[in-house]
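Input sequences plus hints: build the corresponding full structure.
Using this note's numbering, you'd call the opening residue of the sequence shown number 2 and step up by one each time.
A couple of the hints might just be wrong.
Said to hold, decoys possible - Listed next, the in silico BS3-like pairs over lysine-lysine satisfying Cα-Cα at most 30 angstroms (straight line):
| id | residue 1 | residue 2 |
| --- | --- | --- |
| 1 | K120 | K76 |
| 2 | K76 | K35 |
| 3 | K35 | K24 |
| 4 | K17 | K35 |
| 5 | K35 | K77 |
Unchecked claim - Label pairs and their computed distance ranges (CB to CB):
| id | residue 1 | residue 2 | range |
| --- | --- | --- | --- |
| 6 | E58 | S116 | 16 to 22 angstroms |
| 7 | T115 | K77 | 38 to 44 angstroms |
| 8 | L87 | E58 | 25 to 31 angstroms |
| 9 | L129 | P83 | 18 to 24 angstroms |
| 10 | P8 | M126 | 45 to 51 angstroms |
Source of the hints: derived by calculation from the structure; they are not laboratory data.
Virtual Cβ for every residue (Gly too), placed ideally from N, Cα, C.
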Amino acid sequence: RAQVELPPMPDTGPGKWSELQDKQLRSALLGACKRMAHNSEAHFHLGLMHLRTGRGEDALRAFVHALHLCEGRLKKFGDAPPPGYLARVARIKAHTAQAAHVAAVAALSADDRTSCLSKIQNDLMNALASTP
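Next comes the structure, spelled out in structure tokens:
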């Protein structure tokens, strides 16, 4: 078989997102969450976008909503959730803890942050321990 010569890769990575791209992504994700209000993945990705842009409170709200939706479905599955579903719930819990940390850093004094971060660490470890 003949080998195909690939062009060289550029030395620089993708450029930084523009403010316009951020607005377009936010608009698309908000629209998806409105159209698919019971879709935990849409809310999870909205939370990721908020987290990436440093909006911890907004991220926390989106992750908590996604977690609420997942846990509601988990009850319907009973003892037989689909493969990977518990890992999805644990992933949302881990991101929820990260969003709480970002929100706490912005809202709390250093002393208040210490106790809050200790609780977040415990919650994160419990979420990871519950993953099969």
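To see whether the hints hold, each was checked on the structure:
{"no.": "1", "hint": "K120 with K76", "verdict": "holds (26 angstroms)"}
{"no.": "2", "hint": "K76 with K35", "verdict": "holds (24 angstroms)"}
{"no.": "3", "hint": "K35 with K24", "verdict": "holds (16 angstroms)"}
{"no.": "4", "hint": "K17 with K35", "verdict": "holds (28 angstroms)"}
{"no.": "5", "hint": "K35 with K77", "verdict": "holds (23 angstroms)"}
{"no.": "6", "hint": "E58 with S116: 16 to 22 angstroms", "verdict": "holds (19 angstroms)"}
{"no.": "7", "hint": "T115 with K77: 38 to 44 angstroms", "verdict": "holds (39 angstroms)"}
{"no.": "8", "hint": "L87 with E58: 25 to 31 angstroms", "verdict": "holds (27 angstroms)"}
{"no.": "9", "hint": "L129 with P83: 18 to 24 angstroms", "verdict": "holds (20 angstroms)"}
{"no.": "10", "hint": "P8 with M126: 45 to 51 angstroms", "verdict": "holds (46 angstroms)"}
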